[in-house]
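**Q** Kindly produce the complete structure, drawing on both the sequences and the hints.
Same order as they appear, the protein sequences are chains A and B. The numbers in my numbering rise by one with no breaks, and the one at position 294 of the first sequence is 294. The numbers in my numbering rise by one with no breaks, and the one at position 255 of the second sequence is 255.
Hints were generated in silico from the structure; no laboratory data involved. Watch out, some of these pointers could steer you wrong.
[As the list claims (entries may be wrong)] Okay, the calculated bits of chain B under chain A, using three or more residues with CB under 8 Å as the criterion: (1) 223-231; (2) 327-334.
[What the hints assert, rightly or not] Take a look, some chain A residues computed to stay more than 10 Å from chain B by CB distance: (3) S17; (4) Q35; (5) A72; (6) M74; (7) G128; (8) G183; (9) R227; (10) T255; (11) A276; (12) D285.
This structure is a prediction, so every number in the text was calculated from the model and none was measured. We treat Cβ as the ideally placed atom computed from N, Cα and C, and that holds for glycine.
Residue-level listing of the chains:
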Amino acid sequence: MTVREIEYRDALNEAMSEEMRRDKRVFLLGEEVAQYDGAYKVSRGMLAEFGERRIIDTPISESGFAGMAIGAAMMGLRPVVEFMSWSFSLVAADPILNNAPKMLYMSGGQYGCPIVFRGNDGAGGQLGSTHSWCVEGLYSNVPGLKMAIPSNPYEAKGLLKTAIRDDDPVFFLESERMLGTKGEVPEEEYLIPFGQARVARPGKDITLVSFGRPVNFCLEAAEALAREGVDCEVLDMRTIRPLDIESIVRSVKKTNRCVVVDQSWSFGSPGSEVAAQVHARCFDDLDNFVHRVHTADVPTPYATNLEAEYLPNARRITEAVRACLYLA
Amino acid sequence: MSSPAQPAPSPASESFDVHTQGIGARPEVSQGAAWATPINGSWPMVEPSLALQLLRQMVLIREFEVRCMQAYQDKKIGGFCHVYIGQEAVAVGCNAALRPEDPMVTAYRDHGHALARGMSARACMAEMFGRVDGCAKGKGGSMHMFDRANNLFGGHGIVGAQVPLGVGLAFACKYEDEVMAGGSLRRVAMSFLGDGALNQGAFHEGMNLASLLDLPAIVVCENNGYSMGTAISRGTSMGHQITAKALAYGIDAYEVDGMDVLGVYHQMHGIVEHCRATSRPAFVDMRTYRYKGHSMSDPRKYRTREEEAQYEAGDPIGRLKSRLEGAGILTEADFKAMLKELRAEVRDSVDFADASPVPSMSELHTDVFVESWGPYTGSSDPRMLGGAPRAVNFRAIENPETQL
Ligand SMILES: Cc1ncc(C[n+]2csc(CCOP(=O)(O)OP(=O)(O)O)c2C)c(N)n1
Ligand SMILES: [Mg+2]
Numbered sequence: 001m002t003v004r005e006i007e008y009r010d011a012l013n014e015a016m017s018e019e020m021r022r023d024k025r026v027f028l029l030g031e032e033v034a035q036y037d038g039a040y041k042v043s044r045g046m047l048a049e050f051g052e053r054r055i056i057d058t059p060i061s062e063s064g065f066a067g068m069a070i071g072a073a074m075m076g077l078r079p080v081v082e083f084m085s086w087s088f089s090l091v092a093a094d095p096i097l098n099n100a101p102k103m104l105y106m107s108g109g110q111y112g113c114p115i116v117f118r119g120n121d122g123a124g125g126q127l128g129s130t131h132s133w134c135v136e137g138l139y140s141n142v143p144g145l146k147m148a149i150p151s152n153p154y155e156a157k158g159l160l161k162t163a164i165r166d167d168d169p170v171f172f173l174e175s176e177r178m179l180g181t182k183g184e185v186p187e188e189e190y191l192i193p194f195g196q197a198r199v200a201r202p203g204k205d206i207t208l209v210s211f212g213r214p215v216n217f218c219l220e221a222a223e224a225l226a227r228e229g230v231d232c233e234v235l236d237m238r239t240i241r242p243l244d245i246e247s248i249v250r251s252v253k254k255t256n257r258c259v260v261v262d263q264s265w266s267f268g269s270p271g272s273e274v275a276a277q278v279h280a281r282c283f284d285d286l287d288n289f290v291h292r293v294h295t296a297d298v299p300t301p302y303a304t305n306l307e308a309e310y311l312p313n314a315r316r317i318t319e320a321v322r323a324c325l326y327l328a
Numbered sequence: 001m002s003s004p005a006q007p008a009p010s011p012a013s014e015s016f017d018v019h020t021q022g023i024g025a026r027p028e029v030s031q032g033a034a035w036a037t038p039i040n041g042s043w044p045m046v047e048p049s050l051a052l053q054l055l056r057q058m059v060l061i062r063e064f065e066v067r068c069m070q071a072y073q074d075k076k077i078g079g080f081c082h083v084y085i086g087q088e089a090v091a092v093g094c095n096a097a098l099r100p101e102d103p104m105v106t107a108y109r110d111h112g113h114a115l116a117r118g119m120s121a122r123a124c125m126a127e128m129f130g131r132v133d134g135c136a137k138g139k140g141g142s143m144h145m146f147d148r149a150n151n152l153f154g155g156h157g158i159v160g161a162q163v164p165l166g167v168g169l170a171f172a173c174k175y176e177d178e179v180m181a182g183g184s185l186r187r188v189a190m191s192f193l194g195d196g197a198l199n200q201g202a203f204h205e206g207m208n209l210a211s212l213l214d215l216p217a218i219v220v221c222e223n224n225g226y227s228m229g230t231a232i233s234r235g236t237s238m239g240h241q242i243t244a245k246a247l248a249y250g251i252d253a254y255e256v257d258g259m260d261v262l263g264v265y266h267q268m269h270g271i272v273e274h275c276r277a278t279s280r281p282a283f284v285d286m287r288t289y290r291y292k293g294h295s296m297s298d299p300r301k302y303r304t305r306e307e308e309a310q311y312e313a314g315d316p317i318g319r320l321k322s323r324l325e326g327a328g329i330l331t332e333a334d335f336k337a338m339l340k341e342l343r344a345e346v347r348d349s350v351d352f353a354d355a356s357p358v359p360s361m362s363e364l365h366t367d368v369f370v371e372s373w374g375p376y377t378g379s380s381d382p383r384m385l386g387g388a389p390r391a392v393n394f395r396a397i398e399n400p401e402t403q404l
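**A** Below you can see the structure in the form of structure tokens.
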């Protein structure tokens, strides 16, 4: 196997390009994806390779182009829709929530919707409250969709290829803060199945469950805690739907403690779902209730200091771990 | 011209057509009515005090934006930074045509509107820096400038979002007159949007409502020809004649040269007063140009430097300056003194912002409803927070009577 280091954005680019070479039904559309090479350069070079019939610049009409892509998916095509940011998907809420995930059910199994919606999710860049959405809490509430949230370049490529081949609508949550992050990615083709968590760090004292970018903060916290003699197991869930609860249960039965780190708001979130399920499945195994680290329950503030405190970070994770272990 | 719509007659006669019922009661739509006329191709001069105010404001905005770009390079400002250089005549000329009590709302390219409305350079710069002395205590940021004292109802980050809000401001203006104040205020509401925002559903829904409800809403499209890297012809059907979109909603539409502040002022004044008198909406295709990139990270590969130079040659500040010199209102020395003064004002705003403290951590949980069990920490037993002080700082709905 040949491994090289590439950026998160290029991992995404490779996933889309490989799938487009493999399957003519796949095409990409979104704002600035073609002539500008992508607002964040994710689709760099793709117009040159695939041409303007398959790499399509759209106006700032999220509701229109998301709906259009859903129609095309019902006809059997496999669109990849880029939202410059998931924050902008809110104006397309009706097509992406009311049409795509329900189509198969509502048509009694006649019309599926094999589509990928992808783009930047999450805060951390001082973009203020309209542009800093973490949509995992809001959207994972809807039945019928799948949701993937890669934590590094390797995961990004493998999960996006699976997303494009999936027959259900996939909400693919990337992170602007990680687009320039480099990581090892094999040259050979690989896919990462949905619904199988990855043990990002094995440990025996406590289980840290996380999704996407905060997985890295968990690893950071685990390093610091190791120096205090606390051995954390970190689970990278990879997908929020399907949710691999079995891997979490297996780990918690071993460690007897659990902290969930989720960058969405606490109320009705993937974090609260994991906590509820762990309480139900591991009731007799737990030494303490499941602790959760979320973004603060307020709109995203602009000021750097407020935003840093608002988000889950290694310090807040460390505090939660200590509290859960009665060390605080 | 704009009698309010009457209910359609009942479909008694055999000639009744469901598709055209009520149409006779709708106002006629005009395109580009002349409110003032250029004389020998140029707009009449205004009172010297107003003319100098227009110049000052444009120069203030330009100098402010230059400093913002520097501060961004110095990493004093983060996030997205969309500067207004080139478009100054639009916010300045439009604002001068309004009364201070007329509400205004705009998009994320909003520093110019904030300054034109009367926000101090200090409050605006401190907000850019994310400091507590900013117009929103550092919590809103560069795309979300609000100024209650000057009736600026925000910069808004989501493309198109502010258009229905602006229609709602107009709704409230009319409602206050008709239901509460007995027709005494006659305010109008002005909204700005970019050309790219024409393609959002929100624009179209807002326009339809403004027309249907006869609202005093003035919708100004700052048509700078590009939305990010997309030229208007690539992203907008009928991009060469966007007034057609307004006409389709029965809204009077005007094309205005947004690089000539005197023209902007004269025409907008006519439009605003007509709107005030008739309570009918108006749409303006304001032709302008942004000299810099969309935001700080845009290398502008989608257009030529020649094109930029051509627009910069018709610079709104230079144009007004030479008109004022020609009219004997301003000398080169006056201009230099003004420039020096405004540069000092902007430099002071940077120093002020730099010295202003960051917001205290308690600000995280103010200006928002907080649950009675306190902010969720996740790492202590939620029940233990039962007695936490309610960090609620939520403005109760004011009695409308007290607002008038
Ligand atoms: C709904 C939505 N989609 C996308 C964006 C990202 N975005 C911000 S500004 C912009 C271009 C807008 O162009 P235009 O309306 O012409 O305004 P200008 O920047 O020229 O002032 C885009 C695509 C956004 N903020 N909101
Ligand atoms: Mg524009």
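**Q** Which constraints among the numbered hints does this structure fail? Numbers only, ascending.
**A** 2, 4 and 7
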